[in-house]
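Undergrad: Sequence order for the protein chains is A and B.
Anchor point for the first sequence: position 218 equals 217 in numbering that gives the first Met the number 0, and the numbering is continuous, going up by one each time.
Anchor point for the second sequence: position 10 equals 9 in numbering that gives the first Met the number 0, and the numbering is continuous, going up by one each time.
One or more of the hints may lead you astray.
[Said to hold, decoys possible] For the chain A half of the interface with chain B, some residues (derived, Cβ under 10 Å), not all of them:
hint	residue
1	GLY193
2	THR213
3	ALA236
4	GLY260
5	ARG271
6	MET279
7	ILE281
[Said to hold, decoys possible] Residues of chain B placed beyond 12 Å of chain A at every Cβ, according to the derived structure:
hint	residue
8	ILE26
9	SER31
10	GLY32
11	ASN43
12	LYS55
13	GLU60
14	HIS70
15	LYS154
16	GLY192
[What the hints assert, rightly or not] Pairs of lysine-lysine residues, derived as DSSO-like cross-links and limited to a Cα-Cα distance of at most 30 Å, are as follows:
hint	chain 1	residue 1	chain 2	residue 2
17	A	LYS339	B	LYS78
18	A	LYS339	B	LYS154
19	A	LYS339	B	LYS189
20	A	LYS157	B	LYS241
21	A	LYS290	B	LYS189
22	A	LYS290	B	LYS90
For the record, the hints were derived by calculation from the structure and aren't laboratory data.
From a predicted model like this one, the values you see are computed outputs, not experimental measurements.
C-beta atoms are modelled at their ideal positions from N, C-alpha and C, and glycine is treated no differently.
Take a look at the letters that make up each chain.
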Amino acid sequence: MPAKPGTGIPYCFRLTGSVFKVSWVPRVLASRMYNYLDFEKPVADLEGKIVELKKMSENGGAVDVADEISRLEKRSRDALRDAYKALTPWQKAQVARHPDRPHCVDYIAELMTDYTPLAGDRAFGEDNALLCGFARFRGEPVAVIGQEKGTDTQSRLKHNFGMARPEGYRKAVRIMEMADKFGIPLISLVDTAGAYPGIGAEERGQAEAIARSTSACLGLRVPNISVIIGEGGSGGAIAIATANKVYMLEHSIYSVISPEGAASILWHDSTRARDAATNMKITAQDLLEMKVIDGIIAEPLGGAHRGREAIMQAAGEQIAAGFRELAESTQDYREHRRDKFLAIGRTL
Amino acid sequence: MNWITNYVRPKINSMLGRRDMPDNLWIKDPDSGEMIFHKDLEENQFVVPSSGHHMKIKGKERLRFLFDEGHYETLENPKVAVDPLRFRDEKRYIDRLKENRAKTGMEDTIINATGEIDGLPVAVTVQDFSFMGGSLGMAAGDAIIRGFENAVEKKLPLVLFAASGGARMQEGILSLMQLARTTVAVDRLKEAGLPYIVVLTNPTTGGVTASYAMLGDVHIAEPGALIGFAGPRVIEQTIREKLPEGFQRAEYLMEHGMVDMVVSRLDMKATLGRLLRILMKQPPGTVIDPEALPAAASDEAPTPAHA
Numbered sequence: 000m001p002a003k004p005g006t007g008i009p010y011c012f013r014l015t016g017s018v019f020k021v022s023w024v025p026r027v028l029a030s031r032m033y034n035y036l037d038f039e040k041p042v043a044d045l046e047g048k049i050v051e052l053k054k055m056s057e058n059g060g061a062v063d064v065a066d067e068i069s070r071l072e073k074r075s076r077d078a079l080r081d082a083y084k085a086l087t088p089w090q091k092a093q094v095a096r097h098p099d100r101p102h103c104v105d106y107i108a109e110l111m112t113d114y115t116p117l118a119g120d121r122a123f124g125e126d127n128a129l130l131c132g133f134a135r136f137r138g139e140p141v142a143v144i145g146q147e148k149g150t151d152t153q154s155r156l157k158h159n160f161g162m163a164r165p166e167g168y169r170k171a172v173r174i175m176e177m178a179d180k181f182g183i184p185l186i187s188l189v190d191t192a193g194a195y196p197g198i199g200a201e202e203r204g205q206a207e208a209i210a211r212s213t214s215a216c217l218g219l220r221v222p223n224i225s226v227i228i229g230e231g232g233s234g235g236a237i238a239i240a241t242a243n244k245v246y247m248l249e250h251s252i253y254s255v256i257s258p259e260g261a262a263s264i265l266w267h268d269s270t271r272a273r274d275a276a277t278n279m280k281i282t283a284q285d286l287l288e289m290k291v292i293d294g295i296i297a298e299p300l301g302g303a304h305r306g307r308e309a310i311m312q313a314a315g316e317q318i319a320a321g322f323r324e325l326a327e328s329t330q331d332y333r334e335h336r337r338d339k340f341l342a343i344g345r346t347l
Numbered sequence: 000m001n002w003i004t005n006y007v008r009p010k011i012n013s014m015l016g017r018r019d020m021p022d023n024l025w026i027k028d029p030d031s032g033e034m035i036f037h038k039d040l041e042e043n044q045f046v047v048p049s050s051g052h053h054m055k056i057k058g059k060e061r062l063r064f065l066f067d068e069g070h071y072e073t074l075e076n077p078k079v080a081v082d083p084l085r086f087r088d089e090k091r092y093i094d095r096l097k098e099n100r101a102k103t104g105m106e107d108t109i110i111n112a113t114g115e116i117d118g119l120p121v122a123v124t125v126q127d128f129s130f131m132g133g134s135l136g137m138a139a140g141d142a143i144i145r146g147f148e149n150a151v152e153k154k155l156p157l158v159l160f161a162a163s164g165g166a167r168m169q170e171g172i173l174s175l176m177q178l179a180r181t182t183v184a185v186d187r188l189k190e191a192g193l194p195y196i197v198v199l200t201n202p203t204t205g206g207v208t209a210s211y212a213m214l215g216d217v218h219i220a221e222p223g224a225l226i227g228f229a230g231p232r233v234i235e236q237t238i239r240e241k242l243p244e245g246f247q248r249a250e251y252l253m254e255h256g257m258v259d260m261v262v263s264r265l266d267m268k269a270t271l272g273r274l275l276r277i278l279m280k281q282p283p284g285t286v287i288d289p290e291a292l293p294a295a296a297s298d299e300a301p302t303p304a305h306a
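Input sequences plus hints: build the corresponding full structure.
TA: Here's what the structure looks like:
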């Protein structure tokens, strides 16, 4: 545990699971909030020292600390590289759920213009967990669907932590049908722990809504691309992820059940999530090897949250490349998509 | 619960318990606690005569009661990669598969059959809960796809009896992919203009409801069947509330517009025959008297068709 508050070194406490949150923020960095994962502790310590030294020099300390700072910065970069060199599946799950990781709203804001959100399933309600709308991607009209988890308590509650209810999936179907009608390609951004398990959701047909959404997505006549940007959790994810091209961010995960869920069902012990994450093969690298996805989008050193610009750039390039590839093919988009999914697993 | 369980000390109780009849001869009705002789239960399609409780029924039994004279042909299921993840939890997945194959005599959970219901040729797919809880993995996924493709080829309506706890977690993401793959098969059957009827039986939950089991033209449920996306325990843990009475049961789903009808197993054949003949634009068939069902003990092994 790093030192006490007020000594200049960020004071850490355990937030939830394995995320450290800095409660005391130095003045120079007052606009930022640091979140470190368990395995990033060496980095956290070094960055803490750097912040302390910077503060000292700003306060006009007698000693010249510039050399020391640059030395520490190098060490901290090395520590980061070491930590991210070979992430385990469980560590990747943590990075995929990192509170600072760019979310759906960030990708929409960065990659799209003229974003026009549309609301409601025309039957029951509006669901903020699943964002839907039309926009322009590199000038071209696109439909966009994606789960948004929210970034602070208020927005997390508003977006229900990215766990959609039937209304969300029915709204998605509405947008897909509209995209089809107007011949507009679709981009979906997947980031959800899963569809919401609640009384109301069940009452209003969560399963049926997901099944219809998967079916609508598979049946699109227009090309579609799906990117798993964080967590691809089970049916709630696949409902919008049956695309002509499916990409995953380097440290994102995609699985049939959360590692915690699998641990509690298969091991009867929810603390075995680490084993479940390893055995279930949930990483982008595993999925590419099994030919479940079409490509991996590389993340900057230390994960997408440490280089927002870089990840936006990379995601934008990959989406554009995907649409170009699809445009070159002569195959009907719907048949291409269906045949692609039917082929999954047949060559293993 | 009878008076013995309440008044006899646990140790004595367990000694008494051991002297009970072997459980394969007498079966206990979970509703009333009544003991039913297995032959009586079997003759009544595993529906408890007094309470109407629907017990689980094996896929083969289901088919025998469903088809005219109990005659049907089965399709050979496609071969799939076995245990591609080399998965192990408390046990190796491959060992679980072996155990379940030995226990059930089935390769996996799906049987595809064709035969006649009320004189009308029909493709039927049944999911057998006794094989790893009817869980949906690659083998089941490919078998379901095969069943649908066969129906399209032969221009047959398809009836699917769902029974499953959901996706087979031991196959990881590949089991999740079966949601998409089976949905493709359903959509192609629908595009061919052929009726698709789903019969939801106890239990049908998880990924299975989130794909082919909720995409029917008509949804029929057996009385009391548990049907839902998230399991009741997961919901209870999430919302930390007690669930309402009858939550996620067949009758509740009908009330909430998710199923068209709740039909007793004893009336299933008649209902399916009547409905399919209408949807296939055929003249009315014979009225089936539920009393005159095929005899229970025809042990003839159906011959597989290699179509």
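Undergrad: The structure should be examined with respect to each hint, and the outcome stated for every one.
TA: We went through each hint and held it up to the structure:
Residue-level restraint check for A/GLY193 holds (minimum Cβ-Cβ distance to chain B is 9 Å; threshold 10 Å). With 10 Å as the threshold, the beta carbon of A/THR213 comes within range of chain B, its nearest partner Cβ sitting at about 5 Å, so the hint holds. Satisfaction of the interface hint for A/ALA236 is found here, the shortest Cβ-Cβ separation to chain B being roughly 8 Å, below the 10 Å cut-off. A least Cβ separation of about 8 Å between A/GLY260 and chain B falls short of the 10 Å threshold, and the interface hint therefore holds.
Evaluation of the A/ARG271 hint against chain B yields a held restraint, the C-beta minimum of about 8 Å falling below 10 Å. A least Cβ separation of about 4 Å between A/MET279 and chain B falls short of the 10 Å threshold, and the interface hint therefore holds. Contact between A/ILE281 and chain B, as hinted, is supported at the beta carbon level, the nearest pair being about 7 Å apart and thus within 10 Å. Annotated as non-interface, B/ILE26 keeps its C-beta farther than 12 Å from every C-beta of chain A; the closest such distance is 28 Å.
With a least CB separation of 28 Å from chain A, B/SER31 remains clear of the 12 Å interface cut-off, as annotated. Every CB of chain A lies more than 12 Å from the CB of B/GLY32, the least distance being 29 Å, so the non-interface label holds. No Cβ of chain A comes within 12 Å of the Cβ of B/ASN43; the nearest lies about 30 Å off, and the non-interface call holds. Once the 12 Å rule is applied to beta carbons, B/LYS55 is consistent with being away from chain A; the minimum gap is 20 Å.
Non-interface call for B/GLU60 relative to chain A: holds, since the shortest CB-CB distance, roughly 27 Å, exceeds 12 Å. A cut-off of 12 Å between C-beta atoms confirms that B/HIS70 is not in contact with chain A; the least separation is 32 Å. Distance check for B/LYS154 against chain A: the nearest CB is about 20 Å away, which clears 12 Å, and the non-interface claim stands. The claim that B/GLY192 lies off the interface holds: its Cβ sits roughly 16 Å from the closest Cβ of chain A, which is beyond the 12 Å cut-off.
Distance restraint check for A/LYS339 and B/LYS78: the Cα-Cα separation of roughly 19 Å lies within the 30 Å cut-off, and the hinted pair is therefore satisfied. Only pairs whose Cα atoms come within 30 Å are accepted, and A/LYS339 paired with B/LYS154 is accepted, the gap being roughly 25 Å. Distance check on the hinted pair: A/LYS339 and B/LYS189 sit about 20 Å apart at the alpha-carbon level, within 30 Å; holds. As the CA atoms of A/LYS157 and B/LYS241 are separated by approximately 24 Å, the hinted pair is consistent with the 30 Å bound.
Taking the CA atoms of A/LYS290 and B/LYS189, the gap is about 28 Å. The hint holds against a cut of 30 Å. Distance hint between A/LYS290 and B/LYS90 is fulfilled; the C-alpha atoms sit about 27 Å from each other, no more than 30 Å.
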